[in-house]
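Peer 1: Please construct the entire structure, taking both the sequences and the accompanying hints into account.
Number of protein chains: 4
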Amino acid sequence: MVKVGVVGYGVIGQRLADGVAMQKDMELVGVADVGPTLAVMALKEKGMPYDFYLAVSENREKLEHHDIPITGSLEDLVAKSDIILDATSAGVGAKNKELYARHGKRAVFQGGEKTSVADVFFHGYANYGEGLGKQFLKLTSCNTTGLIRAVDCLDRAMGIDNVIITIVRRVADPGDYHRGLTNALQVEPVPNHQAADLMLIMPHIKATGTLVHTPVTHGHIITVVAKPKRQTTKEEMLELFDAHPRIRVVRLADGFLGNASLFRYARDLGNPRGDMYDIAVWDETITVFEDQVIFVINIPQEAVVIPESIDAIRASMKMQTDRLEAVGQTNQYLGLGR
Amino acid sequence: MVKVGVVGYGVIGQRLADGVAMQKDMELVGVADVGPTLAVMALKEKGMPYDFYLAVSENREKLEHHDIPITGSLEDLVAKSDIILDATSAGVGAKNKELYARHGKRAVFQGGEKTSVADVFFHGYANYGEGLGKQFLKLTSCNTTGLIRAVDCLDRAMGIDNVIITIVRRVADPGDYHRGLTNALQVEPVPNHQAADLMLIMPHIKATGTLVHTPVTHGHIITVVAKPKRQTTKEEMLELFDAHPRIRVVRLADGFLGNASLFRYARDLGNPRGDMYDIAVWDETITVFEDQVIFVINIPQEAVVIPESIDAIRASMKMQTDRLEAVGQTNQYLGLGR
Amino acid sequence: MVKVGVVGYGVIGQRLADGVAMQKDMELVGVADVGPTLAVMALKEKGMPYDFYLAVSENREKLEHHDIPITGSLEDLVAKSDIILDATSAGVGAKNKELYARHGKRAVFQGGEKTSVADVFFHGYANYGEGLGKQFLKLTSCNTTGLIRAVDCLDRAMGIDNVIITIVRRVADPGDYHRGLTNALQVEPVPNHQAADLMLIMPHIKATGTLVHTPVTHGHIITVVAKPKRQTTKEEMLELFDAHPRIRVVRLADGFLGNASLFRYARDLGNPRGDMYDIAVWDETITVFEDQVIFVINIPQEAVVIPESIDAIRASMKMQTDRLEAVGQTNQYLGLGR
Amino acid sequence: MVKVGVVGYGVIGQRLADGVAMQKDMELVGVADVGPTLAVMALKEKGMPYDFYLAVSENREKLEHHDIPITGSLEDLVAKSDIILDATSAGVGAKNKELYARHGKRAVFQGGEKTSVADVFFHGYANYGEGLGKQFLKLTSCNTTGLIRAVDCLDRAMGIDNVIITIVRRVADPGDYHRGLTNALQVEPVPNHQAADLMLIMPHIKATGTLVHTPVTHGHIITVVAKPKRQTTKEEMLELFDAHPRIRVVRLADGFLGNASLFRYARDLGNPRGDMYDIAVWDETITVFEDQVIFVINIPQEAVVIPESIDAIRASMKMQTDRLEAVGQTNQYLGLGR
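Protein chains in written order, with our numbering: chain A, 1 to 338; chain B, 1 to 338; chain C, 1 to 338; chain D, 1 to 338.
Since the hints were made in silico from the structure, they are not lab data. Please note: incorrect hints may appear among the correct ones.
If several chains are the same, the list does not tell them apart, and a pair holds so long as it fits within one copy or across any two.
[As the list claims (entries may be wrong)] Straight-line Cα separation of at most 27 Å, DSSO-like style, residue types lysine-lysine; simulated pairs:
(1) LYS24 / LYS46
(2) LYS318 / LYS134
(3) LYS234 / LYS62
(4) LYS206 / LYS229
(5) LYS97 / LYS114
(6) LYS206 / LYS234
(7) LYS227 / LYS206
(8) LYS105 / LYS318
(9) LYS134 / LYS24
(10) LYS318 / LYS80
(11) LYS95 / LYS80
Peer 2: Structure follows, in structure tokens:
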């Protein structure tokens, strides 16, 4: 059993912990954070299903005030773990890395960290082999993780020469009060960093794109324009997407009208927190136009990186050396790929 | 075991079904709706934990297209049930009532129906006795249900002479595409219908108030200004609210900054759909001012009416004749009142 | 002096009236609407700069209640005008057409009407000649009007083979309470109607695209991916856009961060209603990528169609037969093309 | 002619400059800001109707890059002015005060500054006499300015003992990208600072209240619950509000559905920037309930403080010693109180 610690128990960290807890070949040692955040208070109210380690000892009193039991320090968690999933705020992971290195432990960083923090920039489906045995891996960010799933899916079947993406980005997560947009769309320069990141993971593909921030909280929507290396059809694309365990084909005609429908559906499915691991692609948007293909996908930004983060544990720990075996194991434990 | 059918499997109906399924002294016969909505598709994807009855036989093919098994017709569901929770769209319940009456069955209607549809306008805590043995009950709407909890809580301790409420109303539920506001607040005439409804349930209290619709989806926020019949203190109010199983006292200082914090917290708690049965009252808003008291509450509009709806079953079926015994039983099975 | 009547005094009609009033070679006969809307009440409060004609005689009392002087009926306005700008709600224009035809008058319909209502589907810059002398013209809708300006600008210089557009659409106008989205993005099938409309105006170009509705009120943002027939550079594109009187090049670096910045800027310019006739293109988004070009534009949806609508008067009335002379005259009177 | 300089040419500063320019007994010397903001670029595009003074000399090159003529430094503007309207960001005014003091000039600060910056906390209608001849005055903030207008209006007629307000606050101005809320309401502790400020201006009234931030940009909406010292009627209140030059009575039934309707109406009126100086009170919300009165008002946050700021000039410079004469002069030049 690989022992996993989760450092940073926020939007991503909570979901990483839940995802690891579902892997029958991993053991969740515990989670660490700096104080009695709402997430930690919820952990307490749930009866402490995960042990809590306090990263900032000065805050001990604050946790005691809320009767939250503390199992140990951040260093204790690191010492007990084989590998750390670091989901701290951008920049903190780079500092924590020293601690992980000192203890000779492995770590997987999230997309907010600089790519230089890690030995390899990683995506479970697209470059699993690159991560094998590496000590420090960095995951792609939420948009890029979902985007690469779809592009890799087509690339392996028909070869993709280049992609142009337009990201309609949700600007904040549900419950965020520290950032937000009100009645405004915000434009970013071309190319966006997601296109640049895609090229780091898939260097054989040229990519660029635009990005518009929008005042919503549930899911990025991306228009992908890709140039395949051979002719294809809508039917072939549909089949490929449908067969991918982390991609869900949905139809406007069925009532999946946008990102909010998918969030509602995930809640109705009874998924914890109303989360969704799979990206969605809308059937009615899949199009072959001249020598390019077009499709629109939804990225559930809170949970989409969980499967690939778990893949990263498998790669770093060499739990599986075969790509499809590894992602398949993750999928099975997460219930993906009905 | 009281046999309960849920008619209308939308935002409220799904939550009623889940709530009934948690009551150890009730049996959920099944749920009925008109076609393969997203909620029904989610029921299918979950493996049909509840039997589905089709209310509009013409839509049989549509359900078969989605491989959704149909247990029977709406009439079949009614025939098998002792009591129906009707959560159909406003106006449909009044039509369904004829069917329920023909079968001699009891029914509880939701707040969207006209009050005249029922024998009694009901709230579990405030007028349980009025519902005892009645065939047709109508629940208060989401805002009124939550509001009355808080007012009743104070009224039983100190007597309330009158209340003035300002409702800051969420305008749509998460996932709604058929209604919405964009960058606009909308004002309603004074008094709002919630004040009128409160007086129907609590005729000894005078009430009025204003209402402003706001472009958000998670929880109404109400400022309550109430005139108690005797002096009180913030401390007494805090104690009363804290002791109420369906009221949760929260603090801005802890990070509960508004309705979105509460929704995030409910998701982090692992509550199905991120739902919350209890209203919240903010500690830092509880104030005694001149001869009035002020406090601000949050109404989680999707799930708040579930406990009182289950109370209504208890009243109509005379499962308990004592008010506190009845609501206590509901609370216990729903996990309220830690 | 060409005599112009404006029928429908709503969001578009008010701006059409203002635009016509600025044309020194046209006379605004008056405006017509059905009752005392806010726009008509504002006309009254401003001292009736335009004569008002009542389209629904039954509402005479309602106008008298607000002391709004009525100059005549809709038929009176038609009789006095050489040409009508019809800006009524979708579908009403088709009915009004009979009245215009009976009086032998010309008319320009807005984008909401069916294309079949008119003899020609018209855009001032792209197909001015097609409109010459025609009795009934229909304008392109707001998105298509702005989009075609930019595509036509490049097409005349370098030839455009095809375009793929992603429209990030504002879902309602400021002040709309009858429609809106709240915390939701809505996806449309591919291709969107704007691409189809572009091909009707510019049949030598192939077009397709996606569309996402967003909960904002100030300006659509479109990513355009176009395939030119020869090589070009960012510098050439910048020069072409900069030289176009109805296109404004803006920079993110200067603080034009999105559609809301442009609205604020138009207000600060002192433009009536904070309106903007010109579309904006962001410098930092203009990109040459492989054999395609990319750029992002902003469409100020309330006023963008005004210049081309006035061009339509010029074409129908043969006030100018030369395209550039016609649009140049419109531009001069509207103050476009500094 | 009193010579007025405006320091800080942002949302408020631009409107102050326009307001001063309309006063026939004042001369606008010029406006100062720190760099080529969008507002300054718009000033340039309009042809420099006001002289521009540069507050940060290091930014000279940036302004030259945009061809914006610079008339002098901030100190030059202060030297030429009799009185300064300081509309800089919160905290900057306190620093600027030293400069004003050194030159022996008067100044009016906006609501963002600490009250201690000034000799008197000022409201044109409520405490004009307090400001007479004072060197440094601070205006009430936008919410408080509008609120006090309405409370003062009633107080002078019937006496007001206490008020309880619920502010539904717009969270950002149109065009703001540095702050915003997305799908969230935010609660503040009781009492809010607006109630505290009201008591500073009107020490004979007791006040408290709640505040909820909402994700919209056009106008705060306040529910006011006030206890008059004698009986009154809705009719009397309507008459009082109707007679006030800075209060506009509107009706839901006429289509004024909320803050966005008022913004649209102001734009349709042709008001520069779509601004509105007057607050609105909704007829259908004016209510007498028990011994209290209730009404709902709209505060157009961008322009509401302009009239009272100009009143402050009149008070400080002793242009008029009589309150009603002073505000009447301001009203006449601003076109208020038709």
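Peer 1: Mind listing which of the numbered hints don't hold for this structure, in increasing order?
Peer 2: none
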